[in-house]
Amino acid sequence: MDMKQLKYFVQVCEDKSFTLASQSLFITQQALSKTIKNLENELGIQLFYRTPRGIELTDAGNFLLEKAKYLLEQLESITNEVKEKFNLQKGTISLCVAPGVLRSLSPNILIDFCDTYADIKVIKHEYADLICERHVKRGIFNIGCSLMPSNLTNIDFIPIKSEKLYLIVNTKNPLSQKKEISIKDLESENFIVFDKNFELRHLVVSKCKEAGFIPKIIFESSEVDLLNNLVYLNKGIFICVEHVVNEINEKNTCFIPFSDKSFKWQIGFILKKNKQVSPILKTFINYILEY
Numbered sequence: 012m013d014m015k016q017l018k019y020f021v022q023v024c025e026d027k028s029f030t031l032a033s034q035s036l037f038i039t040q041q042a043l044s045k046t047i048k049n050l051e052n053e054l055g056i057q058l059f060y061r062t063p064r065g066i067e068l069t070d071a072g073n074f075l076l077e078k079a080k081y082l083l084e085q086l087e088s089i090t091n092e093v094k095e096k097f098n099l100q101k102g103t104i105s106l107c108v109a110p111g112v113l114r115s116l117s118p119n120i121l122i123d124f125c126d127t128y129a130d131i132k133v134i135k136h137e138y139a140d141l142i143c144e145r146h147v148k149r150g151i152f153n154i155g156c157s158l159m160p161s162n163l164t165n166i167d168f169i170p171i172k173s174e175k176l177y178l179i180v181n182t183k184n185p186l187s188q189k190k191e192i193s194i195k196d197l198e199s200e201n202f203i204v205f206d207k208n209f210e211l212r213h214l215v216v217s218k219c220k221e222a223g224f225i226p227k228i229i230f231e232s233s234e235v236d237l238l239n240n241l242v243y244l245n246k247g248i249f250i251c252v253e254h255v256v257n258e259i260n261e262k263n264t265c266f267i268p269f270s271d272k273s274f275k276w277q278i279g280f281i282l283k284k285n286k287q288v289s290p291i292l293k294t295f296i297n298y299i300l301e302y
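In case it helps, the working numbering puts the sequence shown at residues 12 to 302.
Please note that the accuracy of each hint is not assured.
[Stated by the list, open to error] For lysine to any residue, the following SDA-like pairs were computed, each having C-alpha atoms within a straight-line distance of at most 25 Å:
#	residue 1	residue 2
1	K132	V108
2	K286	E92
3	K293	L116
4	K80	G150
5	K172	D123
[What the hints assert, rightly or not] If you anchor each label on the Cβ, the simulated ranges turn out as follows:
#	residue 1	residue 2	range
6	Y243	G55	56 to 66 Å
7	Y128	T62	47 to 57 Å
8	E53	F266	50 to 60 Å
Derived by calculation from the structure, the hints in this document are not laboratory data. For each residue, glycine too, the CB sits at the ideal point set by N, CA and C.
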């Protein structure tokens, strides 16, 4: 059993499909199936049930998945720590960014940093909030920049800025007459929200539960333009951040601030818990905080 086999096994578990996992790994499905079969033969156990609905983990598969994830995370973390400690990255920062964060900070912020520190290369990857958090916790990226996690287990968070949240609503909706809105006012509304990989969705649901109701979610997506368009068509309401609101120019939609001023979109750096921050990373963090 080797790390490659474990990596392939974990990918199949995450995608719940040999076809999707082979695409994620950029290998053929035949090669992936052979690797998993060899792993099962080596261990002398069955890892998956093949069912008409797809694949399901056996008890042994679930046990191995937990151990394999831990081993892969440790390997990735050790690799990155060694590179940082002995400066083998040669001035490279791997950055995981959630959608909308750079638009909120400044579209030019990374370019300006690289102009100022020409010897430091920033490699940026964009993922939804929860995926960003997961990759940082696994040590896949040096640092992330995302919405404040609802669960700070194994994560250190350094706040950068916050933005007001607004209700985006069609002018035909009676709520459009309000100057301020409370979460409780939305109890009977149809909610249009970001999908489950976005912290804002979980923040909205949490606030609704605090107000005594579960929101009626009729549509979810990762595409903010699509969500805004559904409000334009008067299909529901959407809660979004200030910088997005400022970019919308639709005559039949309006934007209402919340009476609860603590209801905000808080963005910042996310780091693996107790991670030793390299000098290069400190330079990057301080630059962004002072920008």
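Verification of the hints:
{"no.": "1", "hint": "K132 to V108", "in the structure": "15 Å, holds"}
{"no.": "2", "hint": "K286 to E92", "in the structure": "9 Å, holds"}
{"no.": "3", "hint": "K293 to L116", "in the structure": "18 Å, holds"}
{"no.": "4", "hint": "K80 to G150", "in the structure": "12 Å, holds"}
{"no.": "5", "hint": "K172 to D123", "in the structure": "19 Å, holds"}
{"no.": "6", "hint": "Y243 to G55: 56 to 66 Å", "in the structure": "59 Å, holds"}
{"no.": "7", "hint": "Y128 to T62: 47 to 57 Å", "in the structure": "53 Å, holds"}
{"no.": "8", "hint": "E53 to F266: 50 to 60 Å", "in the structure": "59 Å, holds"}
Of the numbered hints listed earlier, not one is contradicted by the structure.
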